[in-house]
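Engineer: Chains as they are written, first to last, in full-length UniProt numbering: chain W, 1 to 449; chain H, 1 to 449.
Quick caveat, the hints were computed from the structure, so don't treat them as lab data.
Please note: incorrect hints may appear among the correct ones.
It does not matter which identical chain is meant; a pair holds if it fits inside one copy or across any two.
In silico DSSO-like links for lysine-lysine, alpha-carbon gap of 27 Å or less [unchecked claim]:
no.	residue 1	residue 2
1	K266	K352
2	K282	K352
3	K352	K115
4	K123	K282
5	K84	K352
6	K84	K179
7	K115	K266
8	K282	K179
9	K115	K282
10	K352	K123
11	K266	K282
12	K179	K266
13	K179	K352
14	K266	K84
15	K179	K76
16	K282	K84
17	K84	K115
Computed from a predicted model, the values in this text were never measured in an experiment.
Number of protein chains: 2
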Amino acid sequence: MSYAVLAASLRSAMQRNDQSAISHVVSEMQPADIADFARYEPAYTVLSLLMLLPEAQRGPTFGYLETEQQRDIAEKMTDEELAKLVSSMDADERADLFHLVEPGRQPAILRQLSKRERDDLRKLASYEEGTAGAVMTSEYVAVPEDIDVAEALSLLRASAPDAETIYQIYCVDVQGRLKGAVSLRQLILAAPHLPISELMVEDVVFVTAETPQEEVSRLIAHYDLLALPVINGGERLVGIVTYDDAMDVAEEEATEDMHKGVSIGKLEGSLRSASLYELYRKRVVWLVLLVFANIFSGAGIAHFEETIEAYIALVFFLPLLVDSGGNAGSQAATLMVRGMATGDVRTRDWAKMLGREVGVALGLGLTMALAVSVVGIFRAGTEIAMVVALSMVLIVMVGSLIGMLLPFILQRFNVDPATASAPLVTSIADASGVLIYFALATAILGLPS
Amino acid sequence: MSYAVLAASLRSAMQRNDQSAISHVVSEMQPADIADFARYEPAYTVLSLLMLLPEAQRGPTFGYLETEQQRDIAEKMTDEELAKLVSSMDADERADLFHLVEPGRQPAILRQLSKRERDDLRKLASYEEGTAGAVMTSEYVAVPEDIDVAEALSLLRASAPDAETIYQIYCVDVQGRLKGAVSLRQLILAAPHLPISELMVEDVVFVTAETPQEEVSRLIAHYDLLALPVINGGERLVGIVTYDDAMDVAEEEATEDMHKGVSIGKLEGSLRSASLYELYRKRVVWLVLLVFANIFSGAGIAHFEETIEAYIALVFFLPLLVDSGGNAGSQAATLMVRGMATGDVRTRDWAKMLGREVGVALGLGLTMALAVSVVGIFRAGTEIAMVVALSMVLIVMVGSLIGMLLPFILQRFNVDPATASAPLVTSIADASGVLIYFALATAILGLPS
């Protein structure tokens, strides 16, 4: 049955408060879809829905919810309900939940777990947010490097029910150090008595627990990996990050970069769940800073007051010219920022990119100057049209070069290039544009005597 | 060994033209890394490098190259070299290559293949670009629904060497219609004589060959799938899309959306490989259109010529005010566009989003008005400062609402919401801003008599 039909039956069963019908419908639904449905429901409704779910679905469904909603629900849970939830979760999501509840309730979670699970949780929960350690899971399959294929397969069967993936198997020495990896595909095709050490790939791509999660996600995408092993300082295998978590990280990063592109700070939850105050706060900082940055444009204009008074028609073209510089600059900045994020452009390419940008921007400037000349001659006469056209070429070129170089400069000073946002580039390009325009006008038209 | 060390040895071996050293180094490298290295080399160098690779690495390495470079290399290949390459490729990449070569050389590719592979290729190559059919592969594992676990495992072993993934197995009826799916994990844990039909999940998420690839990538991410089955009109299973191809699609989509956000058309290859003319062409169209859109601002200003002549100081604040409206509008538009792309915001949420935006924009407008008042009083006196502050509130609100509503309106008319780019929103917000500002000024300050 389709999601829409199931969601409608679930809604109707919930309105009738018919628990057996609810249980029946959710048993047909995927955890991701139950979470999608729950997204628009109040916390107490979702909590009772979670408790009606079979154990195997409860943890995954909770895991798909937004962080904000998870926190609301966790707050409303009794210790007993929290216990029921914790026991049905994967190790990495359990660690996230542990971060989410008030410190006073953390012991209630720990009490539900075996000694081994408890140690795991403490370890996973101790890594800093945004690192490989914080997104990895400790539920992977590791086998000693000195066994054979048949032994590895039976070890695999034993750990399969708990492991997050059984399709990549890691080989470790007696100290637990990562020595190699085999895929389940290789194991299934190999002769039963072949030693694992002859089958395994030794040159495994790995990260440390402190590696930033963007790098983790980039490596997984680059090498098309199912999972990426994580080691600690002593080269011991401590966890894996699976491809699905890497996809979530990549989506988050892309969203963050797009928001930075228009000077919006990082939202904690989703756009829907963000409070009005949070949205205000994340947007206002840069807008106000840009108000002050724009004062340079104002000061520039004040300097040319006499020219403006003599040729009021110059003002007609002011928004057009400053916008064009800003637009071309934003394009150049976005191309560079995205190119750097995907690894297409590297810092050392700046000179080559600069050369190309000069060429492209010159072409753009000339075309736009041509377009604006037509309007200019018609509206303000040949002389002003000439000033406007010449200004357009210079403004588009200066704007483009600012937009193109700013990401490289920020990168050089270890600031995220995505900070070279459209509004920032626009404001800088504007101030330059005003100066270029009125300086050219004063030079060409002359001051009235 | 690290990538940097290997790349350096490879470069030195290539400079010495030492073929055995080259072969030795590349045998230690991953296909993704060889492709990374090759990215900056001319086509003939890459071609000779490819021919030195062992068969198992040749196809995958070629697959990781940019489309532009693939085309250049394919053009330089002899039919014999093309044949060597084709035989080492996966079915989906083979279909991409087939699209890439000139039609006259397509028979040279077909000749290398068995009858079954030929039919496969023709089928895969016939789907439209951007659809599930064009990204799927025909190398999946399908088993009859009426066999048991042990039989399924031995079928799996037989197809494992060719299949793109063996971790998801699809169950089909005698007509080849998709009936269910089992994971290799389930098979390995199940009793050997259990019928597959009792183990399989019947409610499989699938798409048709015509489904747009963004939807495919969204489903794979949403349900954390390893692979998504593709069926044709008759419900017959025709292919699968694997998670790694979905990750590539998601990255491409995010890049496209970011470029659209600043009005850049879709680039065919990467930023590095794009020609100057292509970059010019993809950027110029909207920039010139926006020049003409901006003429409304100019016309608005001309209408208020007398007011401006009387109060030249009004011009100082013009770039600041129009920029602020544009910046706030771009923020609102980007939040909505990205929210829609990730499925966080749905079309029917527009009224709720509008209500929230009014609240946030009012807060932003008041804050920015306060900031600008300080500068205004100091630079132009209380009266003009009041006009500027009041204009700021209105302009930021109007700009934000335009930015927020435009993506919904575009969506309503089946235009990609990402077209609601910063430059477009800025231009519309500018024209409104100019009108609001000078109309308020004329009303409050009055015309000189």
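Engineer: Taking the hints in turn, state whether each one holds.
Structural biologist: Hint-by-hint comparison with the structure:
Within a single copy, K266 and K352 get their C-alpha atoms only as close as 32 Å, which misses the 27 Å cut-off; across copies the closest is 22 Å, which meets it. In the homo-oligomer, the alpha carbons of K282 and K352 lie at most 27 Å apart only across protomers (20 Å), although the nearest pairing inside one protomer, at 35 Å, exceeds that limit. Neither within a single protomer nor between protomers do K352 and K115 lie at most 27 Å apart by alpha-carbon distance, with minima of 57 Å and 48 Å respectively. Within a single copy, K123 and K282 get their C-alpha atoms no closer than 32 Å, and across copies no closer than 50 Å, so neither meets the 27 Å cut-off.
For the identical chains of this complex, K84 and K352 are neighbours neither inside a copy (59 Å) nor across copies (35 Å), given an alpha-carbon limit of 27 Å. With identical chains, the CA atoms of K84 and K179 are never at most 27 Å apart, being 38 Å at best within one copy and 34 Å at best between copies. Proximity of K115 to K266 under the C-alpha cut-off of 27 Å is found in neither arrangement, the shortest distances being 37 Å within a copy and 54 Å between copies. In this assembly of identical chains, K282 and K179 lie within 27 Å of each other by CA distance neither inside one copy nor across copies; the values are 45 Å within and 49 Å between.
Taking the shortest alpha-carbon separations for K115 and K282, neither the intra-copy value of 42 Å nor the inter-copy value of 60 Å comes in at or below 27 Å. Within a single copy, K352 and K123 get their C-alpha atoms no closer than 46 Å, and across copies no closer than 42 Å, so neither meets the 27 Å cut-off. When the C-alpha separation of K266 and K282 is checked against a cutoff of 27 Å, the pair qualifies only within one copy, where the shortest distance is 7 Å, while the shortest distance between copies is 30 Å. In this homomeric assembly, K179 and K266 never come within 27 Å of each other (Cα to Cα): the closest approach is 39 Å inside a single copy and 44 Å across copies.
With identical chains, the CA atoms of K179 and K352 are never at most 27 Å apart, being 41 Å at best within one copy and 55 Å at best between copies. Proximity of K266 to K84 under the C-alpha cut-off of 27 Å is found in neither arrangement, the shortest distances being 33 Å within a copy and 49 Å between copies. For the identical chains of this complex, K179 and K76 are neighbours neither inside a copy (46 Å) nor across copies (41 Å), given an alpha-carbon limit of 27 Å. Proximity of K282 and K84 under a CA criterion of 27 Å is satisfied in neither setting, with 37 Å inside one chain copy and 55 Å between copies.
In the homo-oligomer, the alpha carbons of K84 and K115 lie at most 27 Å apart inside one protomer (18 Å), although the nearest pairing across protomers, at 56 Å, exceeds that limit.
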